[in-house]
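> These protein sequences, in sequence, are chains C and X.
Read in order, the letters of the first sequence are residues 273 to 353 in the numbering used here.
Read in order, the letters of the second sequence are residues 297 to 434 in the numbering used here.
Incorrect hints may appear among the rest.
[As the list claims (entries may be wrong)] With a straight-line Cα cutoff of 25 Å, these simulated DSS-like cross-link-like pairs (lysine-lysine) come out: (1) X:K422 / C:K333; (2) X:K426 / C:K333; (3) C:K285 / X:K393; (4) X:K422 / C:K275; (5) X:K339 / C:K277; (6) C:K333 / X:K410; (7) X:K411 / C:K333; (8) X:K355 / X:K410; (9) C:K333 / X:K339; (10) C:K333 / C:K277.
Worth flagging that the hints you see were computed from the coordinates, not collected in a lab.
Predicted model, so just to flag it, every value in this text is computed and none were measured.
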Amino acid sequence: MIKVKLKCFSQVKYALGTGEVILEIEIGATTAELEEMVRDRADGRLDGVGLSVAINQQYVKGDVVLHDGDEVVLIPPVQGG
Amino acid sequence: MVIVEIIDRPIDPFPSDDGRLEQGSELIFNGRVRSKENGQEIKELEYEQYEGMAESELKRIAIETANIYPISDLFCKHRVGTVAVGETSLHVVIWSKHRNEGLEAITFFISELKKRVPIWKWAILKDGTKIPSECRYH
């Protein structure tokens with residue numbers, strides 16, 4: 273198993289009720305699997321919310337393998353400006 | 297030159313400069329907090345950022361903008377934390393030789409900012425209730 277830090281903002285923070293959580297996941301687990309896990313935990317509160325993914329403060333595209341110690345953010349639609 | 301800042305205090309605008317003799321266009325944009333959110337009166341917005349990435353992504357967009365459009369300088373300050381109705385949350389200044397490239401650049405820059413910079417906002421109603429802001433990029 274590996275550990276990743278999930279940081280939560282906006283709708284994700286609201287849905288999970290936390291700003292940050294350490295998750296233990298299988299070696300070789302991917303961003304898509306993490307998103308599925310988070311949506312399950314959100315129990316419907318993230319239905320219809322599109323999520324981008326950032327690993328270690330950079331956007332990533334596609335399904336990416338996570339590594340021990342990664343900081344991951346599932347980014348709901350942003351609202352700057 | 298590109299300067300971007302994310303700050304948690306009222307925005308001190310970038311100074312104007314009468315000494316720039318090669319740039320005929322100085323565009324200044326101030327995005328301000330409106331008094332209504334989704335039809336409801338509000339007293340302030342609360343901006344939340346992904347610290348670190350918000351500023352790095354903002355800088356990346358500013359550099360992209362300066363690479364695409366022939367502008368001289370792009371300066372930007374984005375506020376986070378609590379911003380009262382009427383106050384500036386986003387301040388952008390673009391200097392260029394002519395206005396057209398500046399106008400195109402500022403449109404591109406702000407559009408990309410609204411799509412990519414990890415900042416979110418909540419509306420605080422007059423009675424203190426916090427509701428999700430409905431404002432999204434379109």
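> Now tell me, hint by hint, if it's right for this structure.
Status of each hint after checking the structure:
With a C-alpha separation of about 40 Å, the suggested pairing of K422 (chain X) with K333 (chain C) is violated against the 25 Å cut-off. As the CA atoms of K426 (chain X) and K333 (chain C) are separated by approximately 33 Å, the hinted pair breaks the 25 Å bound. The straight-line distance between the Cα atoms of K285 (chain C) and K393 (chain X) is roughly 45 Å, outside the 25 Å bound, and the hint therefore fails. A threshold of 25 Å between alpha carbons decides the hint, and for K422 (chain X) with K275 (chain C) the separation of about 42 Å lies outside it, so the pair is violated.
For the suggested pair K339 (chain X) and K277 (chain C), the alpha carbons sit about 34 Å apart, so the restraint of at most 25 Å is broken. Distance check on the hinted pair: K333 (chain C) and K410 (chain X) sit about 19 Å apart at the alpha-carbon level, within 25 Å; holds. For the given pair, K411 (chain X) sits about 15 Å from K333 (chain C) by alpha-carbon distance, which is consistent with the 25 Å threshold. In summary, the hint linking K355 (chain X) to K410 (chain X) is supported, as the alpha carbons are separated by about 13 Å, within the 25 Å threshold.
Between the alpha carbons of K333 (chain C) and K339 (chain X) the distance comes to roughly 38 Å, so the proposed pair goes past 25 Å and is violated. Taken as a hint, the K333 (chain C) and K277 (chain C) pair is honoured in the structure, with Cα atoms around 19 Å apart against an allowance of 25 Å.
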